[in-house]
Amino acid sequence: MTQETGNIITLKNVNKWYGEFHVLKDINLDVKMGEKIVICGPSGSGKSTMIRCINHLEEHQEGDIIVDGVILNNDLKNIGQIRKEVGMVFQHFNLFPHLTVLQNCTLAPIWVKKMPQKEAEKIAMKFLERVKIPDQANKFPGQLSGGQQQRVAIARSLCMNPRVMLFDEPTSALDPEMIKEVLDVMVELAGEGMTMLCVTHEMGFAKKVADRVIFMDAGQIIEENDPESFFNNPQSERTKLFLSQVLGH
Amino acid sequence: MCWSLRFCWAFLAVYGADYIMNPNNRNGLSRLFYNPTARSLFFQALILGLLLYFVMTIVGNVMTNLNQRGISTGFGFLSQPAGFGISQTLIEYNETFTFGRTFFVGLLNTLLVSFLGVIAATFLGVVVGISRISPNWLLRKISMVYVEILRNIPLLLQIFFWYYVVLQTLPRPRDSLSFGESIFINIRGVFVPKPVPDAGFSFYIALLVAAVVAVVALTIWAKRRMRDTGQQFPVFWTSIAILFGTAVIGFFITGRPIMLDYPELRGLNFRGGITILPELIALWFALTIYTSTYIGEIVRSGIESVSHGQTEACRALGLNEGHRMKLVILPQAMRVMIPPMTSQYLNLTKNSSLATAIGYPDLVSVFAGTTLNQTGQAIEIISMTMLVYLTISLLVSAFMNWFNRRVALVER
Ligand SMILES: Nc1ncnc2c1ncn2[C@@H]1O[C@H](COP(=O)(O)OP(=O)(O)OP(=O)(O)O)[C@@H](O)[C@H]1O
Ligand SMILES: [Mg+2]
Numbered sequence: 001m002t003q004e005t006g007n008i009i010t011l012k013n014v015n016k017w018y019g020e021f022h023v024l025k026d027i028n029l030d031v032k033m034g035e036k037i038v039i040c041g042p043s044g045s046g047k048s049t050m051i052r053c054i055n056h057l058e059e060h061q062e063g064d065i066i067v068d069g070v071i072l073n074n075d076l077k078n079i080g081q082i083r084k085e086v087g088m089v090f091q092h093f094n095l096f097p098h099l100t101v102l103q104n105c106t107l108a109p110i111w112v113k114k115m116p117q118k119e120a121e122k123i124a125m126k127f128l129e130r131v132k133i134p135d136q137a138n139k140f141p142g143q144l145s146g147g148q149q150q151r152v153a154i155a156r157s158l159c160m161n162p163r164v165m166l167f168d169e170p171t172s173a174l175d176p177e178m179i180k181e182v183l184d185v186m187v188e189l190a191g192e193g194m195t196m197l198c199v200t201h202e203m204g205f206a207k208k209v210a211d212r213v214i215f216m217d218a219g220q221i222i223e224e225n226d227p228e229s230f231f232n233n234p235q236s237e238r239t240k241l242f243l244s245q246v247l248g249h
Numbered sequence: 001m002c003w004s005l006r007f008c009w010a011f012l013a014v015y016g017a018d019y020i021m022n023p024n025n026r027n028g029l030s031r032l033f034y035n036p037t038a039r040s041l042f043f044q045a046l047i048l049g050l051l052l053y054f055v056m057t058i059v060g061n062v063m064t065n066l067n068q069r070g071i072s073t074g075f076g077f078l079s080q081p082a083g084f085g086i087s088q089t090l091i092e093y094n095e096t097f098t099f100g101r102t103f104f105v106g107l108l109n110t111l112l113v114s115f116l117g118v119i120a121a122t123f124l125g126v127v128v129g130i131s132r133i134s135p136n137w138l139l140r141k142i143s144m145v146y147v148e149i150l151r152n153i154p155l156l157l158q159i160f161f162w163y164y165v166v167l168q169t170l171p172r173p174r175d176s177l178s179f180g181e182s183i184f185i186n187i188r189g190v191f192v193p194k195p196v197p198d199a200g201f202s203f204y205i206a207l208l209v210a211a212v213v214a215v216v217a218l219t220i221w222a223k224r225r226m227r228d229t230g231q232q233f234p235v236f237w238t239s240i241a242i243l244f245g246t247a248v249i250g251f252f253i254t255g256r257p258i259m260l261d262y263p264e265l266r267g268l269n270f271r272g273g274i275t276i277l278p279e280l281i282a283l284w285f286a287l288t289i290y291t292s293t294y295i296g297e298i299v300r301s302g303i304e305s306v307s308h309g310q311t312e313a314c315r316a317l318g319l320n321e322g323h324r325m326k327l328v329i330l331p332q333a334m335r336v337m338i339p340p341m342t343s344q345y346l347n348l349t350k351n352s353s354l355a356t357a358i359g360y361p362d363l364v365s366v367f368a369g370t371t372l373n374q375t376g377q378a379i380e381i382i383s384m385t386m387l388v389y390l391t392i393s394l395l396v397s398a399f400m401n402w403f404n405r406r407v408a409l410v411e412r
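Line by line, the protein sequences give chains B and L.
Counting with this note's numbering, you get residues 1 to 249 for the letters of the first sequence.
Counting with this note's numbering, you get residues 1 to 412 for the letters of the second sequence.
Worth flagging that the hints you see were computed from the coordinates, not collected in a lab.
Even glycine gets a Cβ: it sits at the ideal position worked out from N, Cα and C.
Wrong hints could be hidden among the right ones.
Restraint ranges, calculated between C-beta atoms of paired labels, are given here [what the hints assert, rightly or not]:
#1 B:44 <-> L:139: 32 to 38 Å
#2 L:399 <-> B:138: 24 to 30 Å
#3 L:395 <-> B:44: 40 to 46 Å
#4 L:141 <-> B:17: 54 to 60 Å
#5 L:326 <-> B:17: 45 to 51 Å
#6 L:139 <-> B:113: 31 to 37 Å
#7 B:73 <-> L:140: 22 to 28 Å
#8 B:75 <-> L:256: 49 to 55 Å
#9 B:75 <-> L:154: 48 to 54 Å
#10 L:136 <-> B:59: 17 to 23 Å
#11 L:206 <-> B:122: 41 to 47 Å
#12 B:73 <-> L:206: 54 to 60 Å
#13 B:59 <-> L:154: 32 to 38 Å
#14 B:129 <-> L:395: 21 to 27 Å
Sample of chain L residues at the chain B side, in silico, Cβ under 7 Å [said to hold, decoys possible]:
#15 227
#16 229
#17 309
#18 313
#19 316
#20 317
#21 318
#22 321
#23 323
#24 331
#25 332
#26 380
#27 387
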């Protein structure tokens, strides 16, 4: 299907409404395997809504979304298939507070992938080491700092061995000193070739890892470019205004 | 003289208080006053002292009054013969048994209706609570109307409704509604066959026990297999099949070890079998339905209290809806639900004393009613009855607290 083009995610003329409100207007986006995309734009422009459509946390009404050759419609099997391949990290972590860090990481592999507990734990420990908190494995989320919790959330997603990771403002609920530890993990992940779509206002991160920066406003993709040209030579007035606000102070 | 006394008092009040309250005066008294432990101890001792004084005064008064009227005190009456019958007795009882026995008969009747009520109200309440947040519009509206109407009608009225409006309109024994000539329903209650053990009964019981053991073993095995290989096993349905199958097949291969004693119409009423009193049914229905509305709201708010982010995280990880409820939402909702559930269980137990209104022989009706009337030992009987409710409440609370601690979240 879309395999031959090398695209892992394709959005074709995607439209979405909340009642009367037109949130996503004719979104077209192709993401290649291993590509790192940073999405930015003013608040309320539809960034979260767009990436949440990709794993069907939100439903789109028009257009096609194709993930790794599977078309996203109301078929529960397709949705399940796509969610297995797409990991997501939320602004507020959304860890399971009644489970330990290790159990948070093994829950989905055990119940969704039907993996033996021992194996799931081994994999979980591997990823907890990757995010540099193996020593917290038996603590509960409530006992960790925000930065540590977000790293657990990343490890939890990685345990499902996804082909794509979606990040929705992963650092904007964190104190400045914790932002770096999370970004470091994400930079490392990018270095390993993971396909990433990341909504963030961390422009340093965008410059460092992004292959492409996408600017959204009022439900539309206004501009997309490589970080170099995006930051130094923005095309539209709205992008210029946004950049001056974000980078200005 | 009078003036100077007043002046002294005012002086003491103003400067004395100031002296004591001022933390800079580092003498023993003010240090004590500002020590939180000493302070709380002091107030507790004060309250305890007042309470003791109050109780002693009352007890003293009562004793004098009783002596003057010549009423004997003590628990001697418990061993005197009761001389009255009780319509429902779970243990052997007739008029020749003692007043002490009436206490236990009443207590067991209270426990029976409370137990049945708690089980049914929990079940119904969970169904109502889940319906309240179901995506199905009709179900949502029906359950909302159910809750809004039934929790706003006084419980006593609901008991009367079931007893007088529904059950008293049933036919007389001669025209009973009959189900397969073995279950009969009429104005005197529900009559069902009574199982009586026959030859081979103990063998049958042994078979059933073996089935239960097999189910436990299966559960452990399935859990272990899942941990080691990740394969899931339909434990619930297999267990049901094992238990049900053993009960049915075992019944025939052990040569039908249970005889049924069928109720039979003799004269004006049925004899034999088990009689379920209309009073019990009315009380049980009313308690169940009334309490289920509250439990429904508790279940609903418990589930709703779990943030939507948890649901999104589950979906993003690919967990299905059943797993989401079972593994993530309910365990978290439980910790919010347990304390208010406890008080609903306690309310139901205490509300069961409304039995008196329709003559169901519960503890209050039999012991604090009939027995009290016949013996006049008000203090002993009322305090025994109160002690029973207090004990039940404390036991239930203790159990629920223990349970609550087990599911509590670990926070920083
Ligand atoms: N469930 C909803 N119902 C109605 N409107 C919604 C809903 N969710 C989001 N919206 C609206 O859709 C628009 C886009 O929201 P979205 O969360 O995608 O913005 P965003 O670009 O992620 O903003 P932010 O940077 O603040 O996170 C907003 O105007 C928001 O008010
Ligand atoms: Mg957003």
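Structure-based check of all given hints:
In this structure the hint that residue 44 of chain B and residue 139 of chain L lie 32 to 38 Å apart at CB holds, the actual value being about 35 Å. For residue 399 of chain L and residue 138 of chain B, the hinted distance range of 24 to 30 Å is satisfied, since their beta carbons lie about 29 Å from each other. In this structure, residue 395 of chain L and residue 44 of chain B break the distance hint of 40 to 46 Å, their C-beta atoms being roughly 55 Å apart. Between residue 141 of chain L and residue 17 of chain B the CB atoms are about 26 Å apart, so this pair departs from the stated range of 54 to 60 Å.
At roughly 34 Å, the beta carbons of residue 326 of chain L and residue 17 of chain B sit outside the given window of 45 to 51 Å. Remark: the range hint 31 to 37 Å for residue 139 of chain L to residue 113 of chain B is upheld by a beta-carbon distance near 33 Å. A hinted range of 22 to 28 Å for the beta carbons of residue 73 of chain B and residue 140 of chain L is consistent with their spacing of about 27 Å. For residue 75 of chain B and residue 256 of chain L, the hinted distance range of 49 to 55 Å is satisfied, since their beta carbons lie about 52 Å from each other.
For the pair residue 75 of chain B and residue 154 of chain L, the supplied restraint of 48 to 54 Å holds, since their beta-carbon distance comes to about 51 Å. In this structure the hint that residue 136 of chain L and residue 59 of chain B lie 17 to 23 Å apart at CB holds, the actual value being about 19 Å. Checked against the hint of 41 to 47 Å, the C-beta distance between residue 206 of chain L and residue 122 of chain B comes to roughly 44 Å, which is consistent with it. About 56 Å separates the C-beta atoms of residue 73 of chain B and residue 206 of chain L, a value consistent with the hinted range of 54 to 60 Å.
At about 46 Å, the CB distance of residue 59 of chain B to residue 154 of chain L disagrees with the hint of 32 to 38 Å. With their beta carbons about 48 Å apart, residue 129 of chain B and residue 395 of chain L fall outside the hinted range of 21 to 27 Å. With 7 Å as the threshold, the beta carbon of residue 227 of chain L comes within range of chain B, its nearest partner Cβ sitting at about 4 Å, so the hint holds. The closest approach between the C-beta of residue 229 of chain L and any C-beta of chain B is roughly 5 Å, which is under the 7 Å cut-off, so the hint is satisfied.
The beta carbon of residue 309 of chain L comes within 4 Å of a beta carbon in chain B, closer than 7 Å, and the hint placing it at the interface holds. The interface hint given for residue 313 of chain L holds, since its Cβ lies 4 Å from the closest Cβ of chain B, which is under the 7 Å cut-off. For the restraint placing residue 316 of chain L at the interface with chain B, the shortest Cβ-Cβ distance is roughly 4 Å, inside the 7 Å limit, so the hint holds. Residue-level restraint check for residue 317 of chain L holds (minimum Cβ-Cβ distance to chain B is 4 Å; threshold 7 Å).
Because the closest C-beta pair between residue 318 of chain L and chain B is about 4 Å apart, less than 7 Å, the hint holds. Residue-level restraint check for residue 321 of chain L is violated (minimum Cβ-Cβ distance to chain B is 10 Å; threshold 7 Å). Here the hint on residue 323 of chain L is kept, as its CB sits about 5 Å from the closest CB of chain B, short of 7 Å. At a threshold of 7 Å, the smallest CB-CB gap from residue 331 of chain L to chain B is about 5 Å, leaving the interface hint in force.
Restraint check, residue 332 of chain L versus chain B: the minimum CB separation of about 5 Å is within 7 Å; hint holds. For residue 380 of chain L, the interface hint is violated, since its Cβ never comes within 7 Å of a Cβ in chain B; the closest pair sits about 49 Å apart. Given hint, residue 387 of chain L at the interface with chain B, is violated; its Cβ is 38 Å from that chain's nearest Cβ, farther than 7 Å.
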